[in-house]
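> One-letter residues, chain by chain:
There are 2 protein chains.
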Amino acid sequence: MRYKAILKYDGTRFSGFQLQASNLRTVQGVIENALMKMSKGERIVVFGASRTDAGVHALGQVIHFDYKKFLPPEKMRLALNSLMPLDVEFTDVQAVDDDFHARFAAHEKTYLYRVARGRFVDPFKRFYTTHYPYPVDLAKIEEALKDVVGTHDFTSFAASGGQAVNKVRTISKATVESSESENELKFYFTGDGFLYNQVRIMVGVLLEIGNGRRPVHDFLRLYEVKDRKEARWTAPASGLYLQEVHYL
Amino acid sequence: MRYKAILKYDGTRFSGFQLQASNLRTVQGVIENALMKMSKGERIVVFGASRTDAGVHALGQVIHFDYKKFLPPEKMRLALNSLMPLDVEFTDVQAVDDDFHARFAAHEKTYLYRVARGRFVDPFKRFYTTHYPYPVDLAKIEEALKDVVGTHDFTSFAASGGQAVNKVRTISKATVESSESENELKFYFTGDGFLYNQVRIMVGVLLEIGNGRRPVHDFLRLYEVKDRKEARWTAPASGLYLQEVHYL
Numbered sequence: 001m002r003y004k005a006i007l008k009y010d011g012t013r014f015s016g017f018q019l020q021a022s023n024l025r026t027v028q029g030v031i032e033n034a035l036m037k038m039s040k041g042e043r044i045v046v047f048g049a050s051r052t053d054a055g056v057h058a059l060g061q062v063i064h065f066d067y068k069k070f071l072p073p074e075k076m077r078l079a080l081n082s083l084m085p086l087d088v089e090f091t092d093v094q095a096v097d098d099d100f101h102a103r104f105a106a107h108e109k110t111y112l113y114r115v116a117r118g119r120f121v122d123p124f125k126r127f128y129t130t131h132y133p134y135p136v137d138l139a140k141i142e143e144a145l146k147d148v149v150g151t152h153d154f155t156s157f158a159a160s161g162g163q164a165v166n167k168v169r170t171i172s173k174a175t176v177e178s179s180e181s182e183n184e185l186k187f188y189f190t191g192d193g194f195l196y197n198q199v200r201i202m203v204g205v206l207l208e209i210g211n212g213r214r215p216v217h218d219f220l221r222l223y224e225v226k227d228r229k230e231a232r233w234t235a236p237a238s239g240l241y242l243q244e245v246h247y248l
Numbered sequence: 001m002r003y004k005a006i007l008k009y010d011g012t013r014f015s016g017f018q019l020q021a022s023n024l025r026t027v028q029g030v031i032e033n034a035l036m037k038m039s040k041g042e043r044i045v046v047f048g049a050s051r052t053d054a055g056v057h058a059l060g061q062v063i064h065f066d067y068k069k070f071l072p073p074e075k076m077r078l079a080l081n082s083l084m085p086l087d088v089e090f091t092d093v094q095a096v097d098d099d100f101h102a103r104f105a106a107h108e109k110t111y112l113y114r115v116a117r118g119r120f121v122d123p124f125k126r127f128y129t130t131h132y133p134y135p136v137d138l139a140k141i142e143e144a145l146k147d148v149v150g151t152h153d154f155t156s157f158a159a160s161g162g163q164a165v166n167k168v169r170t171i172s173k174a175t176v177e178s179s180e181s182e183n184e185l186k187f188y189f190t191g192d193g194f195l196y197n198q199v200r201i202m203v204g205v206l207l208e209i210g211n212g213r214r215p216v217h218d219f220l221r222l223y224e225v226k227d228r229k230e231a232r233w234t235a236p237a238s239g240l241y242l243q244e245v246h247y248l
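Listed in order, the protein sequences are those of chains A and B.
Going letter by letter, the first sequence gives residues 1 to 248 in full-length UniProt numbering.
Going letter by letter, the second sequence gives residues 1 to 248 in full-length UniProt numbering.
Just so you know, the hints here were simulated from the structure itself, not pulled from any lab data.
By construction, the Cβ of each residue, glycine as well, lies at the ideal position given by its N, Cα and C atoms.
Among the hints, erroneous ones may be present.
[Unchecked claim] Pairs of lysine-lysine, DSBU-like flavour, derived with a Cα cap of 30 Å: (1) A:Lys186 / B:Lys186; (2) B:Lys229 / B:Lys186; (3) B:Lys146 / B:Lys186; (4) A:Lys8 / B:Lys8; (5) B:Lys186 / B:Lys173; (6) A:Lys8 / B:Lys186; (7) B:Lys8 / A:Lys186; (8) B:Lys40 / B:Lys75; (9) B:Lys146 / B:Lys229.
[Unchecked claim] Stretches of chain A that chain B covers, calculated by requiring three or more beta carbons in the stretch to come under 8 Å of a beta carbon on chain B: (10) 1–10; (11) 77–88; (12) 123–137.
Please take these sequences and the hints and turn them into a complete structure.
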């Protein structure tokens, strides 16, 4: 029986989602350990929609795996949650067709990036946002986000270490919200796929545009120059959340 | 020059506010270390309004200390924040009269207690709330809170280890908010003083009243019996915040 599951995790104490050769603590690792306990020592491979990096959080990561017996989905969710550490929570489990694949069937993904403003780091946000103490002009960022939407060659926004050869991606939605009460900016990006560190590099450029360190339409230049060095700063992992994975 | 300062801290990685004889990390300790650096090795004693326990947070702890030179308050705040670890932030510093005392001049204090609902622990709330997965009837809690307000003998709500002989305290305000969007209950208590673990023990009783495990007016009985054992459960430190210290 194939199961699709949606989970939240606090990425702070994980070396990312993907299982590592070494002894590092990963989200895939703790889930596979739980499934191994449930299946009397047999390894069950977990496939995730997104390989989030160390320190990156998830509000709606999606995985699939095959389990020999049939457990009603709500029982499966209970069993998994009872075996999870407190930094992982399964929010939904469904039984799905055998051809469902968490990663390859994903149509689009939405990422959230939280930026804490104010002069000093808020103690309660240090692992859950990026701190940007400089002034930003929201109108400039909103203007720049119009250049982000669409189909573009994101070579300038791809960190080395990624495996993608084709760096063209389509972003269908890119928005920013300013929350006065939380003193935060929240960026949302929805697209068919994202290159390695792409969201974090884009946020770095957007903040620099908001601060006036770059011209408003610098994205158009960066698409042309296809040079990672020109995009400079990669915003930290702590502000990034895999918000949702969309399937048709 | 005497300074009054307001600070926030994430209590998770502190063994409470108060300096310990042993080598434990405390809020008072990190502040006194910073002041020692600023004053070339001389110890400056820090007085806090409340000795929050290990794991208890603060949104508005107040301290005072004496500093030999005069620094403009905003410069003092900058200097302190630049020497603080990321889990402490000074939000305000003022120069005050020499007779100001953070603890003895405090007229009232307000504590917040956050309770996360839902069946499973939310990974992002595990250090910042208490998880209570059982159903609660908000109307019962609101009715019980009326018994909390006023002047009462809180002997049943004082953990052993406290030094107070007189266990009579006055609570001027006790409210609960239910946030649907956050799936949380938030309790607020304002009073002239609180006994050791009093808020946490009261929250334990209130949740049991809400869940129907105790009669709605059980506070009235507990005031009479003066027996800590009758109040049973102490809600965990992780949900408790020193919200504000009030001065006349």
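> Could you work out which earlier hints the structure fails to respect and list their numbers in ascending sequence?
Violated hints: none at all, because every hint is consistent with the structure.
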